[in-house]
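A.B. asks: Protein chains in written order, with the working numbering: chain A, 705 to 1041; chain B, 46 to 219.
Below, a list of computed lysine to any residue pairs in the SDA-like style, where the Cα atoms sit at most 25 Å apart: (1) A:Lys738 <-> B:Leu183; (2) A:Lys855 <-> A:Arg828; (3) A:Lys855 <-> A:Gly934; (4) A:Lys738 <-> B:Gln179; (5) A:Lys738 <-> B:Ser174; (6) A:Lys855 <-> A:Asp753; (7) A:Lys923 <-> A:Gly951; (8) A:Lys738 <-> B:Thr168; (9) A:Lys738 <-> A:Arg889; (10) A:Lys738 <-> B:Ile112.
Just so you know, the hints here were simulated from the structure itself, not pulled from any lab data.
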Amino acid sequence: MANGTWRIARGRNGAHLPLAIVAVLAIVLILLGKAQSSIFDRARTSVTDWMRPALEAVSAPFAGVAHWVGGLGGIFTVYEDNLKLKQQNARLMQWRNRAVVLEARLNRYNRLLHAVPDPALSWRMAHVIGHASQPFEQTMILDAGKADGIKPGQAVIDSRGMVGRIFLTGEHTSWVLLLTDLNSRIPVMIEPSHAHAIMAGDNELAPVIETLSQGVKLKDGDQVVTSGDGGLLPPGLAVGTVVSRGGEFRVVLLADPANAEDVDIVNYQRPIENPPPVSPGDLPAVSAGLPPAVPQPSVPAVAAPGPAPVPGANPAMPAKPGTPPASAPQGADDEDH
Amino acid sequence: MDRIGPIAGNFVAALVPATLAVLGVFIANLPLSVFGGLLPAPQLALMPVYFWCLVRPDLMRPFTAFIIGVLEDLFSGGPPGIWGAAFVITYAFVDRQRDSFAGLSGAAAILGFGVALLVCSGTAYAIISVYYWQLPPLAVLLMQIAVSMLLYIPGASFMGFVHRRFVGPLRSDF
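Can you make the complete structure from the sequences, with help from the hints?
C.D. replies: Below, the structure is given as structure tokens:
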């Protein structure tokens, strides 16, 4: 046997790809994936769409076994667990009543202040059919995709808190980047200090707090919620609790992605803000103490038959190429932007 | 049960290692949490690659190992080619040291798989570090290696059984 060679020629059939060629292929794939990840993403979603029935079928018996194995330990502590749950339930009922009273008060204050209401959120429930818990990747595959209105960027939550974000959608499946993944970065707010920060995953169970404002002091037990900065995620989604560890602050997540079977995908679309129209007084010339420019009436070069255009009547309509601009006030152009 | 006929047998023999490896990719990426998410998924797909690279390299070729690695990339959600390259490098390593690895038995055989796994994970770690320009934590990787080595004990027995039953004689039987 020719041990130590770089050619696999010991098979019965001679047509083997030499190892070196396959190695080059692997390197090319890595470089291609770095440069053009969309190609691989499309392939990934196509494969998972295609494999979705197989994934669901294979996962069912394993999930049953996992439930059974996971439940074994609980058999011996059923009584104690039951007592704890009853106490917890009583405390939660008190909290619930308090929350209802506070919510009513908040609504009353909002009405008194004519506050802009929060945008309504809608949810789409999906079943977890794949879960990669690899050293470098923390992802999930859900059985809902573009056909169900799922879009990249949407937040995924379980019954306790935020799990991650959709980063790829196929027709009937979608991929979730968990908050613990190396690539996860989300804007968060830390209560009660209202400090804004970025929470970054590093494949540890507890993501780390990064980019914290200067002078902000955190302490164990502070609550972390999504801040809504950037408009991708809705503000106020529960994320976790701050703990200090080894000189840095980490977030113990409320959600439990490892045990999540069904999750909700939050459909959040930040309402488009329409800024008030710019008045001539807002122009830089006026702000600088200079008189505003007086608009000059336009003189048509050639008297065209038909009704004369009304200056500034429809600024949204694009002008034909070569047509002189209508004699709209200077601010009218700004309104379009 | 006797081995299946020669033509169908050859076909099945060619399919069994790759099928088991693909199954390993599936199972490793299923939404299971036997240990409550504390332990990473074992590297199940590498087991058939390592096993058949030793016992019947004609049934586990470099390109097959590469495709299995790419499938691992696909289903784990990571960047493309990382595990593909790691599997190919591991294949090359095991191929060069085949006689040393194939002669191991008992606990040494588990350690042999551990060495191959270390090469595979180390390669993936190095590529990922360069890819993202940051060092991922090592603890999860080491835990994965430990879990995979433990699971290789029943895994090797199972693959040995499948091989004798459905594939054909071991390399040592020739």
